[in-house]
Amino acid sequence: MTAVLRFLRRPTNLISVVILLLVTAAAFWPVDWLPHDPAASDLVKRLIPPSWLEGGDPAYLLGTDNIGRDVFSRVVYGSRFSMLIATSAIAISAIIGISAGVLAGYAGGRTDSVIMRLVDVQLAFPVIILLIAVVGVVGTGLVPLILVIGITGWAQYARIVRGSTLSIANTEYVEAARALGAGPIRIMFKDVLPNLASEIIVLSSFGIARMLLLESGLSFLGLGIPPQYPSWGGMVGDSRDYLRSGWWILAFAGAAIALTVLAFNFLGDGLRDSLDPTTRARVKNKEKAEG
Amino acid sequence: MPRSSIHERAETGEEILVLEEVTKLFPIKSGALRRTTGHIRAVEDVDLTIRAGETMGLVGESGCGKSTLGRVAMRLLRPDSGRIQFRGQDVTDWNGRQLRELRREMQIVFQNPLASLNPRRSVGDIIAEPLKIHGRYSDGGQRRVEELMEIVGLSTSQMSRYPNELSGGQQQRIGIARALALNPQLLVLDEPVSALDVSIQAQVVNLLADLQAEFGLAYLFISHDLSVVRHVSDRVAVMYLGEIVETGTKEEVFSTPSHPYTQALLSAVPADDPDKRGLGRRRVLEGDVPSPADPPSGCRFRTRCWRAEAICEQSSPELTIRDGIDHPTACHFAEIDDVLGRLRADADTSERTET
Numbered sequence: 000m001t002a003v004l005r006f007l008r009r010p011t012n013l014i015s016v017v018i019l020l021l022v023t024a025a026a027f028w029p030v031d032w033l034p035h036d037p038a039a040s041d042l043v044k045r046l047i048p049p050s051w052l053e054g055g056d057p058a059y060l061l062g063t064d065n066i067g068r069d070v071f072s073r074v075v076y077g078s079r080f081s082m083l084i085a086t087s088a089i090a091i092s093a094i095i096g097i098s099a100g101v102l103a104g105y106a107g108g109r110t111d112s113v114i115m116r117l118v119d120v121q122l123a124f125p126v127i128i129l130l131i132a133v134v135g136v137v138g139t140g141l142v143p144l145i146l147v148i149g150i151t152g153w154a155q156y157a158r159i160v161r162g163s164t165l166s167i168a169n170t171e172y173v174e175a176a177r178a179l180g181a182g183p184i185r186i187m188f189k190d191v192l193p194n195l196a197s198e199i200i201v202l203s204s205f206g207i208a209r210m211l212l213l214e215s216g217l218s219f220l221g222l223g224i225p226p227q228y229p230s231w232g233g234m235v236g237d238s239r240d241y242l243r244s245g246w247w248i249l250a251f252a253g254a255a256i257a258l259t260v261l262a263f264n265f266l267g268d269g270l271r272d273s274l275d276p277t278t279r280a281r282v283k284n285k286e287k288a289e290g
Numbered sequence: 000m001p002r003s004s005i006h007e008r009a010e011t012g013e014e015i016l017v018l019e020e021v022t023k024l025f026p027i028k029s030g031a032l033r034r035t036t037g038h039i040r041a042v043e044d045v046d047l048t049i050r051a052g053e054t055m056g057l058v059g060e061s062g063c064g065k066s067t068l069g070r071v072a073m074r075l076l077r078p079d080s081g082r083i084q085f086r087g088q089d090v091t092d093w094n095g096r097q098l099r100e101l102r103r104e105m106q107i108v109f110q111n112p113l114a115s116l117n118p119r120r121s122v123g124d125i126i127a128e129p130l131k132i133h134g135r136y137s138d139g140g141q142r143r144v145e146e147l148m149e150i151v152g153l154s155t156s157q158m159s160r161y162p163n164e165l166s167g168g169q170q171q172r173i174g175i176a177r178a179l180a181l182n183p184q185l186l187v188l189d190e191p192v193s194a195l196d197v198s199i200q201a202q203v204v205n206l207l208a209d210l211q212a213e214f215g216l217a218y219l220f221i222s223h224d225l226s227v228v229r230h231v232s233d234r235v236a237v238m239y240l241g242e243i244v245e246t247g248t249k250e251e252v253f254s255t256p257s258h259p260y261t262q263a264l265l266s267a268v269p270a271d272d273p274d275k276r277g278l279g280r281r282r283v284l285e286g287d288v289p290s291p292a293d294p295p296s297g298c299r300f301r302t303r304c305w306r307a308e309a310i311c312e313q314s315s316p317e318l319t320i321r322d323g324i325d326h327p328t329a330c331h332f333a334e335i336d337d338v339l340g341r342l343r344a345d346a347d348t349s350e351r352t353e354t
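These protein sequence lines are chains A and B, in that order. Heads up: the first sequence begins at 0 in numbering that gives the first Met the number 0, then just goes up one per residue. Heads up: the second sequence begins at 0 in numbering that gives the first Met the number 0, then just goes up one per residue.
Derived by calculation from the structure, the hints in this document are not laboratory data. Note that this is a predicted model, so its numbers are computed, not measured. Beta carbons: idealized from backbone N, C-alpha and C, even for Gly. Honestly, I wouldn't trust all of these hints.
Stated by the list, open to error - FRET-style restraints, in silico, Cβ to Cβ:
no. : chain 1 : residue 1 : chain 2 : residue 2 : range
1   : B       : Asp124    : A       : Leu212    : 36 to 42 Å
2   : B       : Asn205    : A       : Pro183    : 34 to 40 Å
3   : B       : Leu98     : A       : Ser112    : 25 to 31 Å
Working from the sequences, and respecting the hints, build out all of it.
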């Protein structure tokens with residue numbers, strides 16, 4: 000409990016947690032409780048600016064878009080698709096990437112070479128092209144999108160996890176475990192993985208941010224989820240023609256992306272500091288010194 | 000030889016670990032293709048015997064292959080040639096399940112106590128690990144962990160602490176408790192006190208001595224610190240560049256050293272009395288240790304030896320008992336020189352002339 004409080008005492012951590020709680024709440028917010036149906040268009044009320052500006056309508060807090068849909072409702076509603084895609088995709092990436100990375104780093108030799116060459120292939124292959132190919136075959140959809148960006152994200156994990164595994168595999172505590180008679184599987188789970196935890200958390204926070212941006216980019220290009228689901232990237236994409244007459248459509252969806260990405264990055268940094276036992280001691284000492 | 004179980008405990012004085020002509024090479028890989036272009040000759044043709052209940056001290060400079068020899072003896076590394084016998088059984092080619100069995104009888108304590116403990120696991124968890132690996136935890140494992148902590152002088156209240164919260168001496172006690180958990184017959188102590196403060200060194204050395212007396216353990220005590228080795232060892236082997244150059248009982252090696260390298264090492268031991276330091280005639284070796292990738296021909300020590308002659312370049316001296324010397328030494332011109340005694344005498348005379 001004290002660790003959690005210490006974590007929240009840092010302003011950036013606290014702000015990140017608040018933002019992410021808001022985004023999570025938005026993602027679970029029932030559609031019926033939104034001020035307007037996010038899909039209902041009303042051409043009479045198109046391009047109304049945010050309520051606090053001249054010509055604004057108090058009923059539409061963040062204004063309306065080019066076909067009269069409420070921007071606030073759409074940004075809130077859009078969070079569930081953006082978050083669902085980003086978190087599921089990162090989970091897939093993490094599972095594949097960490098397994099591959101630990102295996103490559105600990106087994107070494109030929110296994111290592113094969114896995115790392117696959118990583119090279121993956122990194123050399125543009126995700127967009129792969130996605131166009133998949134969309135061409137199975138059509139756009141939530142599941143293909145998650146699978147494609149999830150599977151393509153494994154290489155970053157694998158590379159970094161392999162590097163750390165190599166250094167952990169050479170530590171004396173792994174040698175001690177081998178001397179005690181522990182097998183490779185046990186060592187990977189008991190000694191290697193726990194010591195990768197902080198790294199995985201940091202990677203994942205950056206990864207979610209990356210996935211959010213990737214999803215946004217793909218939806219912007221029309222390669223994301225079908226248009227009836229208002230993901231943030233899709234909203235930015237749809238609004239690019241109205242940048243001069245209705246900047247707010249893009250601005251609030253874009254701000255949602257930027258804030259969430261930032262919050263995940265700060266959260267990852269904060270967690271790394273408080274999870275790593277060596278930096279934990281250092282942070283504690285620093286706090287003591289500061290009184 | 001009767002095939003007794005390795006788990007049967009040896010009587011004091013029985014040979015438990017025998018190394019015969021053990022060699023360990025590490026390949027040097029270079030170039031884009033990672034081709035092997037040479038070998039680090041870390042350990043070469045080493046014979047070593049350890050008896051139950053005794054301490055074998057292994058001394059030498061950094062990089063001479065002491066630690067590698069310790070790991071080969073434990074079968075953490077596989078020797079490139081030579082045989083390793085444990086309790087009369089040839090364990091050189093053991094692997095998998097058999098090695099796991101061997102682990103119960105041979106354990107290792109590392110030089111850097113903190114680095115040898117997983118920072119993410121609590122003290123209790125670390126000490127319980129060997130019991131869990133060998134499926135003995137469910138049967139009173141928790142009590143065994145508490146017992147081990149008491150044996151090594153840790154308080155059971157520290158069970159849920161993490162290694163980095165404890166002092167160096169306490170960390171090393173955790174390492175020792177872990178090594179003792181399976182009740183082994185032999186411990187390889189790889190510089191177990193080098194990373195500790197001098198006052199803590201004494202505590203840990205005494206703890207090790209108590210444990211040896213209580214459990215009849217055999218130690219392979221690896222160290223570069225001659226005074227510690229002299230204090231703890233029954234027998235001593237001196238290593239230089241992957242080879243053992245002189246071996247014998249503690250008295251033989253320390254009082255009647257016959258190999259020039261041993262003599263040089265002993266002459267570097269500080270005098271007991273600080274006032275007498277710097278008064279004796281010291282043997283200071285010149286030059287660096289040659290690369291183990293390309294050791295000198297003949298005697299490996301000849302490039303730094305003041306007695307080297309033509310024969311040293313051509314033929315490698317064997318480690319055998321030579322004329323007038325009661326223990327094996329690997330020098331063509333072996334001659335006993337009681338370096339420590341002479342230094343003490345020197346210091347006394349110069350003190351007398353000064354006053």
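Tested hints:
1. B:Asp124 / A:Leu212: 36 to 42 Å: For B:Asp124 and A:Leu212 the Cβ distance comes to about 40 Å; the hint holds.
2. B:Asn205 / A:Pro183: 34 to 40 Å: holds, 37 Å
3. B:Leu98 / A:Ser112: 25 to 31 Å: Hint holds: Cβ distance 27 Å, inside 25 to 31 Å.
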